[in-house]
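6 protein chains.
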Amino acid sequence: MFYTDGKLQYPVRVEKPDPLFARALQQAIGGVEGEIRVAMQYFFQACGARGNPKFRDLLMNTAAEELGHIEMLATAVALNMEGAPLSEREAVAKDPVASMVMGGINMKNILSAGLSAMPVDSDGVPFNMSHIYASGNIAADMTANVAAESTGRVLAVRLYNMTNDPGMKDMLSYLIARDTMHQNQWLAALEELGGHQGAFPIPNSFPQEEEKQEFSYAFLGFQADGAPPVSGRWSEGRSIDGKGEFTSTPLSSALGPEPVLGKAKPGSGAQSEQM
Amino acid sequence: MFYTDGKLQYPVRVEKPDPLFARALQQAIGGVEGEIRVAMQYFFQACGARGNPKFRDLLMNTAAEELGHIEMLATAVALNMEGAPLSEREAVAKDPVASMVMGGINMKNILSAGLSAMPVDSDGVPFNMSHIYASGNIAADMTANVAAESTGRVLAVRLYNMTNDPGMKDMLSYLIARDTMHQNQWLAALEELGGHQGAFPIPNSFPQEEEKQEFSYAFLGFQADGAPPVSGRWSEGRSIDGKGEFTSTPLSSALGPEPVLGKAKPGSGAQSEQM
Amino acid sequence: MFYTDGKLQYPVRVEKPDPLFARALQQAIGGVEGEIRVAMQYFFQACGARGNPKFRDLLMNTAAEELGHIEMLATAVALNMEGAPLSEREAVAKDPVASMVMGGINMKNILSAGLSAMPVDSDGVPFNMSHIYASGNIAADMTANVAAESTGRVLAVRLYNMTNDPGMKDMLSYLIARDTMHQNQWLAALEELGGHQGAFPIPNSFPQEEEKQEFSYAFLGFQADGAPPVSGRWSEGRSIDGKGEFTSTPLSSALGPEPVLGKAKPGSGAQSEQM
Amino acid sequence: MFYTDGKLQYPVRVEKPDPLFARALQQAIGGVEGEIRVAMQYFFQACGARGNPKFRDLLMNTAAEELGHIEMLATAVALNMEGAPLSEREAVAKDPVASMVMGGINMKNILSAGLSAMPVDSDGVPFNMSHIYASGNIAADMTANVAAESTGRVLAVRLYNMTNDPGMKDMLSYLIARDTMHQNQWLAALEELGGHQGAFPIPNSFPQEEEKQEFSYAFLGFQADGAPPVSGRWSEGRSIDGKGEFTSTPLSSALGPEPVLGKAKPGSGAQSEQM
Amino acid sequence: MFYTDGKLQYPVRVEKPDPLFARALQQAIGGVEGEIRVAMQYFFQACGARGNPKFRDLLMNTAAEELGHIEMLATAVALNMEGAPLSEREAVAKDPVASMVMGGINMKNILSAGLSAMPVDSDGVPFNMSHIYASGNIAADMTANVAAESTGRVLAVRLYNMTNDPGMKDMLSYLIARDTMHQNQWLAALEELGGHQGAFPIPNSFPQEEEKQEFSYAFLGFQADGAPPVSGRWSEGRSIDGKGEFTSTPLSSALGPEPVLGKAKPGSGAQSEQM
Amino acid sequence: MFYTDGKLQYPVRVEKPDPLFARALQQAIGGVEGEIRVAMQYFFQACGARGNPKFRDLLMNTAAEELGHIEMLATAVALNMEGAPLSEREAVAKDPVASMVMGGINMKNILSAGLSAMPVDSDGVPFNMSHIYASGNIAADMTANVAAESTGRVLAVRLYNMTNDPGMKDMLSYLIARDTMHQNQWLAALEELGGHQGAFPIPNSFPQEEEKQEFSYAFLGFQADGAPPVSGRWSEGRSIDGKGEFTSTPLSSALGPEPVLGKAKPGSGAQSEQM
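Chains as they are written, first to last, in UniProt numbering: chain A, 1 to 275; chain B, 1 to 275; chain C, 1 to 275; chain D, 1 to 275; chain E, 1 to 275; chain F, 1 to 275.
No lab work stands behind these hints, which were simulated from the structure alone.
Warning: the hint list may mix true and false statements.
Any copy, or any two copies together, can satisfy a pair, since identical chains are not distinguished.
As the list claims (entries may be wrong) - Lysine to aspartate or glutamate pairs mimicking DMTMM-like chemistry, simulated, CA-CA at most 20 angstroms apart: (1) K16 <-> E90; (2) K243 <-> E214; (3) K243 <-> E191; (4) K7 <-> D170; (5) K7 <-> E258; (6) K265 <-> E90; (7) K169 <-> E15; (8) K16 <-> D170; (9) K169 <-> E90; (10) K169 <-> E82; (11) K263 <-> E90; (12) K54 <-> E192; (13) K54 <-> E191; (14) K243 <-> E209; (15) K243 <-> E210; (16) K212 <-> E245.
Computed from a prediction, not measured in an experiment: that's the story for all the values here.
Chain A with its partners taken away, still in its complex shape (with noise of 0.2 angstroms):
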């Protein structure tokens, strides 16, 4: 169950409306990177946690968290577009670059929103919810996370480094720290699992001698002429899990034969040549 307190999280403050910034900063609400998908998904594994509850509350806690870097990017954008242009009359009345904003921007963020902001990406391309990962094995969940939070702050960083404006450097500022503590803390979590060895290859539960073993630490190679695939850490030494060896090996010829599906089924809607 929530609550909110109609404040936000961290001051969010802007000195020079930028409606063009207002359409990156899209990208950080609804992107596949951004706040949406991380609350959504932290929100749906806790409510599929099975097994230790601290994971539930772990996850619940965080997704609380980032209902509010939500709120804070939503207001973000609603006061860079203070400065967007409501017509071309308008926008030509300012300076030439003014009048680029108004081709520049979501169009959307005007015509859909009223100048507030959207559950969209930077190109304006709604966040669709198949982007929240919650697989029922809380190991790969943590995975996930780390991804995402990755993903998340690489775009924070580009963020920070695309504007100015010392009130949007001062809240990214605050954002990039979040994801540096949510990295580690699924990092955390992933130890808490058993850490590289205790917890891949995921999911942990499948007996491996049921998998074909011969191919569970063989890096194949599958380049034209046969030769062997670029070497690295993946191509010798202990495997990662610690519960093999790697090897290198070119797979120059296929393991299987042609496929043969034979004739059409009759009725089956094909052409009678396929029956």
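Please arrange chains B, C, D, E and F on chain A, whose structure you already have, making use of the hints.
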């Protein structure tokens, strides 16, 4: 550039066609944890790889492998669809379980594809390429790949548990082994990129003194009663990236004020009362 | 800013797990009439609310309530999925009705979520955030909210009628009651905004003398034989907004000419014949 | 069944082609507030209308009208695209404002449609038919229609304010007038269906004694500090549907317990630690 | 501009309601091969038709026909849904086959539409308007229309084979006949546009001497072992457009070099190692 | 099974990086007429090909070619993005045209991909795999392929006309040539399948005496005034498939009655007035 030889990477054998299992296999083709996703993700990461070219080679090589996995699974779907009835009369002529099939399958596998595979998931939802994570940050990409292979192996295990067909179990035991390798392979690449302490927080090119460092390693609590949040590895000790100490702090009140957007701009399409 | 307490807003009890009903409940989570939609709609309307701040407070308060509803429903889905078979062998070992389940559920609830809830509808289609209507016009938003709660209550009633489980009926009777309140609540907000005569036509800030007023209260007919269109309250009497008189007019011929776009521009990729 | 006459319902005239405005007009075609949406919504509501056939006639008649509006807007887009440059060289040869156009338009209007209209919104996002609300409950449908025409008129007003072209202003003043009528028309239909007291709560066919009535007219508060929620017409007085009295109550603690899903099922693909 | 008469273009009769077949029919409404697609495709092609106006007339006339087909199919879905149970109790009270229905249908036809049709496909996926191909090149559009009617007739034949209901078979035999005509109609239009030799390669307005002509009629082979690709009409003889001779060539090695993107730009959010 | 050699199929050279053109090139990667579409379409058609195996070989061979085209275009996008500014300060430091760029590009190419290509179209909309037409009918598939290569070549020509860069023009002249070949190739395959008279109407396996033959070659008119529809090759003469004679008939009145769905089922969530 790509080449083909018209053969299957690994044999695909179905002893007893099972259209319901064909539906389940569709998740491994067009689901967000499926093979189209990894094939295209590694492909686009390779195309955008800057810096040491070995990572481009590593990624493109494995993209070629995954294309072969889609082909195997598409063949498996078509072979399992052999048993599907094309009419309700045909369904009823078989046993009640067979008649169950008609409602239980993705109808599009019959109606749109004529008993063949499609790039859709197990509920018939088409794959959307927004799931291709290729961030331009090679370490962030590796975390996304670990996550993809983790949820991918969870899915493959569930499919393995779902079927009794020896041919399908054999194919899946190969795919599960490859997921084991790929989890390890991307973890190995992360190790080459510096591991927990060299690569994190991602991106490692951002000067940490520019983030709000008092929040960088603090586990913030958002419990409505102001109680401390759940403790664990994330709340004390050295941070996983080795650059800070975890602390734990309830955030019992907001750091920011109530947001005020003020009045709506005249001509913005708001109600008069808002202006 | 949001807080949580880890509890359910209202008790969720399932006496006899029913995976088919879990599928139906998914519509109330991720369907276009579902709880994600209202939670996020009120949230974004709040974030963009300009003018009297009481509407921001009203919206954000109810957004918090709806987040708790998603949590309740996600718990209900997971509890109902307890009964789902993980393999066809397991399905057959139960009764024929149980074996029906495997084909009848959203397979992703097993394959992607491990028997938990997902942000998808009852046919497994992910929720798309384009359904968040937050127009920047507070009265238009209220009409969207009345509509959302109306279709939402219709859905909840259908779910209530579909199940026999006393726990589920109890939970749904709570949600139905809340939908009753929310329909009334948004109608009450519309009343505060002037009701039919003060708020309509929305937006009320546009000077009506600039619209083509001879068409503002005319019920136009488009019957192929030129007959008058069906009559009703909409074809005579004072208009509902009190600003005009309804009339009824067959539009038996077009007011405009045939459109002519002329020739295609050279270099535009058209056929030569079009230029 | 439908007929056409190849003419425009109302004249469409563009004095000075403006590709940026063409982009904006796309929102009125393929945006969620646009004309495809209402045309198809009324069409599907008509096709599923049960009960008094006059509502089917009403809906299908107006669906025909809206099809004509799409045609008008598509013509307007094509006429405004006349001015678009097909190459950057051509853009530069004009003035700087013209060169701005190339980046500011939906590129698909050039690349995919050859300077014509498309069923996409102003940011190039295709219309998705999930936005067609046709619930099978005629009153719920009317609320959805009022909402659609309210956001539709807000959009049309924003477009009217954005352009200076007399032809476009004339066309939009017609469309705005029709939105005025349609808001009133669907409100009138709601009045025929019983108005606030007869139609609400929707669906009115559900016996209210089966809902948890103590929550049916209670404005619940979710303020983190337990304070009463914001007051207004929604917190006191007779409910709008006339069937209860509004009250206002902080819900300072949860009515339900912490949710417990227990251990993960063996074979479900979870980690060992969850079982 | 469009008109309606409230009648069905062709009689729709269902002798024995069959909710599973209703699900299948949904593919013909909202599937990518369905009637919404062709209606809207011809409509948008007409709206953007430049050059000889007879093609606009041809397209808009057939768009009107297809709108009537959607109406027929939507009626057929609603009539077939008559037999659907609204609760599992009701399902069980009928025979086992009836109980199968509840899981086998698109649940949204009950939950969202109240036993009526929706603009979704047979697995409940909403139609997406990106499938409307209207390229601005009239010949390219005709090829898209031939393709649409070909997959459309394949679908209609599969539906015809699936049902035993005489009413449904009669309706489908009408729709199949219309697909026959429409395939021929668009092929006839292509013939008017010059046929194979006048219209192809599309667009015919591009000077062929500007293409890399040594590759214009060469069937390139991409066999991993460098073998010649499969031979057929495409590998020898006059090309179909009459403008070249087919040849067949293995492309045993790449024409281009390894791609090198170089180092990542500072400030671009990449890892330090990439810079 | 697929192999790679890490090289480009054809050289990709950019003389003057142009981020706006990078945006345009995205359409050829992730647009509905783009290379992902054809690569995956031929791939899935191959995987489902029944009957003569030469078509599987033909399709899979060309799928491999198209994968190489995606790689070329993705490289071209990354090379053109080199010139993109990462901040507005950087943009302003260049000339006004450069500052235009920031608003004119797909922001996701910076924010999500770090100056690299993405599987999205020129307006940033991700490619959706529902565009993969693989019907199980080999002739229908060939018509879809002709259509794909026709719209694809139209797009490539528009891109060629848009740019002045010699490297880009060279690359596009190669791709245009390949589209020429592919249009001819699929037409040749259709010829092998019987051409107009052998393959059409598709599917040719359906006995035409079961269609309502009086409508099979009749061009029906839907003009509101009952006038004959526009005449052309489609209204007289032998049908293109050689199996009938074209006629032309106004359908001035409906063949079917008004549809009547009757009353709503009790418990279906409709309003009381509908029951």
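Hints, verified against the model:
1. K16 <-> E90: Intra 18 angstroms, inter 17 angstroms, cutoff 20 angstroms: intra and inter.
2. K243 <-> E214: Classified as within: same-chain Cα gap 13 angstroms, cross-chain 39 angstroms, threshold 20 angstroms.
3. K243 <-> E191: For K243 and E191, the Cα distance is within 20 angstroms both inside one copy (17 angstroms) and across copies (17 angstroms).
4. K7 <-> D170: Within one copy only: 18 angstroms inside, 34 angstroms across.
5. K7 <-> E258: So K7 and E258 pass the 20 angstroms test across copies only (4 angstroms; inside, 64 angstroms).
6. K265 <-> E90: Only across copies: K265 and E90 sit 13 angstroms apart there, 65 angstroms inside one copy, limit 20 angstroms.
7. K169 <-> E15: Only inside one copy: K169 and E15 sit 11 angstroms apart there, 36 angstroms across copies, limit 20 angstroms.
8. K16 <-> D170: Cα proximity of K16 and D170: one copy only (14 angstroms, versus 36 angstroms across).
9. K169 <-> E90: Between copies only: 16 angstroms across chains, 29 angstroms inside a chain, cut-off 20 angstroms.
10. K169 <-> E82: Within one copy only: 18 angstroms inside a chain, 25 angstroms across chains, cut-off 20 angstroms.
11. K263 <-> E90: between (67 angstroms within a copy, 19 angstroms between copies)
12. K54 <-> E192: Within one copy, since 11 angstroms is at most 20 angstroms while 33 angstroms is not.
13. K54 <-> E191: within (14 angstroms within a copy, 29 angstroms between copies)
14. K243 <-> E209: Result: close within a single copy only, 12 angstroms intra versus 39 angstroms inter.
15. K243 <-> E210: within (14 angstroms within a copy, 40 angstroms between copies)
16. K212 <-> E245: The answer is within: 15 angstroms in one copy meets 20 angstroms, while 42 angstroms across copies does not.
Hint compliance for this structure: no hint is broken.
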